[in-house]
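Engineer: Just so you know, the sequences run in chain order A and B.
At position 108 of the first sequence (counting the first as 1) the number is 94 in my numbering, and the numbers step up by one without a gap.
At position 16 of the second sequence (counting the first as 1) the number is 36 in my numbering, and the numbers step up by one without a gap.
Check each hint, because a few of them may be wrong.
[To be verified] What follows is a list of derived Cβ distance ranges for each label pair:
hint	chain 1	residue 1	chain 2	residue 2	range
1	B	R89	A	N255	55 to 61 Å
2	B	N46	A	A333	40 to 46 Å
3	B	N96	A	S326	36 to 42 Å
4	B	K95	A	D234	56 to 62 Å
5	A	D396	B	D80	58 to 64 Å
6	A	S326	B	E130	54 to 60 Å
Think of the hints as simulated: they come from the structure by calculation, not from any bench.
The model shown is predicted, which means the values in this text are computed figures rather than measured ones.
A virtual CB, placed ideally from N, CA and C, is assigned to each residue, including glycine.
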Amino acid sequence: MKMSIRTKMVLFILLTVVIIFLVIGIYHSIFRMHELKNRIARDAGLFVQLVNKEVGRSFELYFDNTFYKFRATVLEHARNNNDLTNIQVVNMEGSILYDMNKTEKASFPGARTEICQDRFILANLKTTEIIKKIDKDIKIIAPYFDDYGIHRFSIVYFFSFEQLQKQVKTIIGENIFISLVILVISLMGAIFVSVRITAHIKTLLTAAKKFSEGNFGERIIIKTNDEFEELANTFNTMAGEIKNNIKDLNELIQELVRRDEQKTIFVANLSHELRTPLTASLGYIDYLQKQKLGALNKEQLHSIEVIKRNLERLNNEIRSLLQISKYILEGVKLEPQKFSFEEIINAMLNNFQPHIEEKGLVVKQESQVKDIIADRDKLSTVLENLLANAIKFADPKTEIHITTQNYAEDSKTYFLFRITNQGVGIPEEKIQYIFEPFYQIDSSTSRKYGGVGLGLAIAKQIIEAHSGTIGVKSNNGMVTFEFIIPQQGG
Amino acid sequence: MKKNILVVDDEEDILDFVGRVLKDANFSVFTAKDAKQGLTILQNEKIDLILLDIMLPEIDGWEMMRMMRSDENLKNIPVAMLTARVDAYDKIIGLKEGAIDYICKPFTAEQLLNRISNIFKYIKENNL
């Protein structure tokens, strides 16, 4: 799921705040509960202590006065938590003579002032035991006996656990409410902060996007005097650099393209200029060789043969140069027709027969295709180049395999030609350059095998003009050239 | 009767070679170094075939051919183009412009004579 920085920031801040308040709230509630329990236990303990102090001791009790004295010590504590605790004085009939929460002064019906020898008897409870017991309502009863052992009345200490729970709940509720308020405030704060921050990020992002779409003049203005401003300035500097670099590069490319074109035109003109002197030379040499200008002896004929062969080689190279520069400058213009591929390949093998025999090569053909549709002359050039290449680079006494086949793919028919030879092979890192004009694997290849390396470049131009593809594979010295051109339906 | 052939080429060595071959083959040969000279010869001589180089100084081969086509007296003289260009596309243009044949440089004496004899055979058969 894609989540913007803004959402992430808001969520992060919210989560943090919620966790903090949850921890504080829970701690506070538990602490408060414990504190309340402690206070109640203390009060109850105090009550018990006070009552026990009187046990076994007779003293004069002016009821009202004594009670008020009593109240001043224990009851002050109890009164602070008067919704949790209460102290009552109950007579033998069960009537409430005094209720701390209801009245300040005790109202004893029929109470009279008399001297009594009263004593308190109370279960011998300890404070810690009381605390443990505060999980339900507590009632501590201190019966009061007079000197004659007559039970006159009881003082009862109440503690309401239910009330305590209610109070704690209220505290929790208060905590939740405060948490919610702070949550809303921090949510607003988080949104505000993240909007401010992400607004800058958005500005940066928009600018970067525009820039990447080619709008190299794009600049960002952020005046926040922080990292965003710094980032924007860095972006602007970078954009400026890139813009300048691209401008320089474009100029360089234009210059290179212009120079390359110039070079190609130069090559075309040069080859044309080279051909003209060759015409007269080749013409006359041939004329001489045919002894049209007089009879020649054996040595003269041999010399002329050598001159002629070299002139022809020169002529072939110049023709290739002229051809490739023409293809590059003007493109390849095709005249497709139906013709017998079989015938052409056989005629060509026939032409190469002397070279094939010289190296002791065996050519094996696996031809399924007779007629194809293509530019006959240009495809012949391709075949000638591939065949010459295979023969040139084959090791002596090896086999050359030629395969042709038609196949259909996506309702289109394709013609495939494949030629394999065994020889020096093509290094992996060089294979990608092999169809580039003037490319030879290394400069020594050209000396060893001759040629300036235009045959494959010309073949590529011609095959691509046919909307076809040409490729090469080299594996342990097995070199396979393969081209595919679409036929009808393509 | 000897056939008259006019060769127009700015390369003297080519004129020399072609002239030599044609003379040996028993043709009457006229040579011109540019289109102007060629047109002058055409005014004075009855020419049976013109071998015309395309790349000529000032007026090129195409232009000279167009000038001949607009001249009543010259428009029916057959022209074979000589060129160092290789593409068949040029050949089509040459033939469209009215050239009777298209001979690629370099050529041997044998090739040249074969083509010329074919041209004359064609002219004779078609009564041009």
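Engineer: Determine for every hint whether it applies to the structure shown.
Structural biologist: Taking the hints in turn, this is what the structure says about them:
1. B:R89 / A:N255: 55 to 61 Å: 29 Å, violated
2. B:N46 / A:A333: 40 to 46 Å: Violated - the Cβ-Cβ distance for N46 (chain B) and A333 (chain A), about 35 Å, lies outside 40 to 46 Å.
3. B:N96 / A:S326: 36 to 42 Å: Given a distance of about 39 Å, which is inside 36 to 42 Å, the answer is holds.
4. B:K95 / A:D234: 56 to 62 Å: Holds: the Cβ-Cβ distance is about 58 Å, inside 56 to 62 Å.
5. A:D396 / B:D80: 58 to 64 Å: Because 48 Å falls outside the window, the suggested range is violated.
6. A:S326 / B:E130: 54 to 60 Å: 28 Å, violated
The structure fails hints 1, 2, 5, 6 (numbered hints given earlier, in ascending order).
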